[in-house]
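S.K.: The listed protein sequences derive, respectively, from chains Y and F.
Residues 1 to 105 in the numbering used here are what the first sequence lists, from first letter to last.
Residues 1001 to 1259 in the numbering used here are what the second sequence lists, from first letter to last.
Simulated from the structure, these hints should not be mistaken for laboratory data.
Don't take each hint at face value.
What the hints assert, rightly or not - In silico contact screen, one side only, chain F against chain Y (beta carbon under 7 Å); selected entries:
no., residue
1, L1060
2, V1144
3, T1147
4, H1151
5, L1152
6, D1158
7, V1162
8, A1246
9, A1251
Positions of the beta carbon are idealized from the N, C-alpha and C atoms, including for glycine.
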Amino acid sequence: MTTRRFATVTLFTGITLTLAACGAGSSSHIVAPPTTATSLPSTSTTAATVPGSVPASVPPVGSPTTTPSNGLSSQSLDQVGADLGALDNNLNTANSDLNHPQGDS
Amino acid sequence: MKHNFPRRMALGALSAGAVAGLVVMVPGAAYASVTTTTTTATAGSNATTQVSNPRCTPALFSQAQALVESGLSARVTQLNALASAAGNTANHLTTSDRQTLQNDITTVELPGIQALQPQVQQAATCAQLRPLARDMVYNFRVYVVMTPQTHLTVVMDDETYVEGVFVNLEPQIATAIANAQAAGKNVTAAQAAFADLKSQVTSAQGETAGQSATILAQTPSGYPGNWQVFLAARTNATNAHSDLHAAFADAQQIRTDLQ
């Protein structure tokens, strides 16, 4: 049981590194939005760098930081949530333009 | 959503005929010191009919001139706001889209409107004022083309960006679910949420594909025909927005399920 648990933790740590690289790129807005996102990047449990992103501080392997327990970090989701919040505001602005145009001008 | 332009055009034509010789033949907004606004609420939209007063006569020239000056000033303010939105790096405009918007706003629209300002100040008659007022509206379409064009492009590019974030997360989510399953966890709900997440993202991608290019291709001279283009883009943006929020809820559900 202990060995199995250790292996699971090791795997999740690898996923964490991957998400850390991804999350860093997202938070700095350097990840280029794919125009044709039809192909998924290959699945990896290593510290892979997302194309177009700049990996920032990657925690050392095994460090007891804010390692997510399931491969979907709060940081990543929080960033998506923030992006969606900004999107909400921008969509509201566009709706206002179209619902209340300032004359025929 | 239906823009009431045909009705407005009809009213404008009627008014023009009724007071021929007195009416300044530009859209009402240009001289709208006193504007009667009739708003009809329809499904999710407002159709507005404006009747403007005064019209340019020798006796009212100063008022008309002041109104055009005010209209120009307001457009300068609006264009500066649009330039700020286009230059705001907090949004996710692509480099090329940002450049296109900034170029249109700051090198075409803004200088064009600003060039009219001294001409309007120097105008001394209604005959001189009318073409300037007309140019202000017809040549630049600040409110009904440039404004929705800028904001809708920001929305589309924001959505495209978030789609990309989800696509980048999908392999990690798949691995996390597989690992949890291998560890003996019941991942049925997580798998279902993940399937829905992928479906929602794919749907959003379909809604936004090519939209920014379509929006940016619209020009002031294309109004009012391009109003429908903006409305269609808004529908797509709204649908993609819903899809992305659903995908986000799925991601949150997966995270909870795997904890």
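S.K.: If a hint holds in the structure, say so; if it does not, say that too.
M.R.: The hints, checked one at a time:
A distance limit of 7 Å between C-beta atoms decides the matter here; for L1060 of chain F the minimum to chain Y is near 19 Å, and the interface restraint is violated. The restraint placing V1144 of chain F at the interface with chain Y holds, with a minimum CB-CB distance near 5 Å, inside the 7 Å limit. With a cut of 7 Å, the hint placing T1147 of chain F at the interface with chain Y holds, because the nearest CB-to-CB distance is about 5 Å. The restraint placing H1151 of chain F at the interface with chain Y holds, with a minimum CB-CB distance near 4 Å, inside the 7 Å limit.
Residue-level restraint check for L1152 of chain F holds (minimum Cβ-Cβ distance to chain Y is 5 Å; threshold 7 Å). Interface hint at D1158 of chain F: satisfied, since its Cβ lies 5 Å from the closest Cβ of chain Y, which is below the 7 Å cut-off. Annotation: interface hint on V1162 of chain F holds; nearest CB of chain Y at approximately 5 Å, less than 7 Å. The beta carbon of A1246 of chain F comes no nearer than 11 Å to any beta carbon in chain Y, farther than 7 Å, and the hint placing it at the interface is violated.
Residue-level restraint check for A1251 of chain F holds (minimum Cβ-Cβ distance to chain Y is 6 Å; threshold 7 Å).
Violated hints for the displayed structure, listed by number in ascending order: 1, 8.
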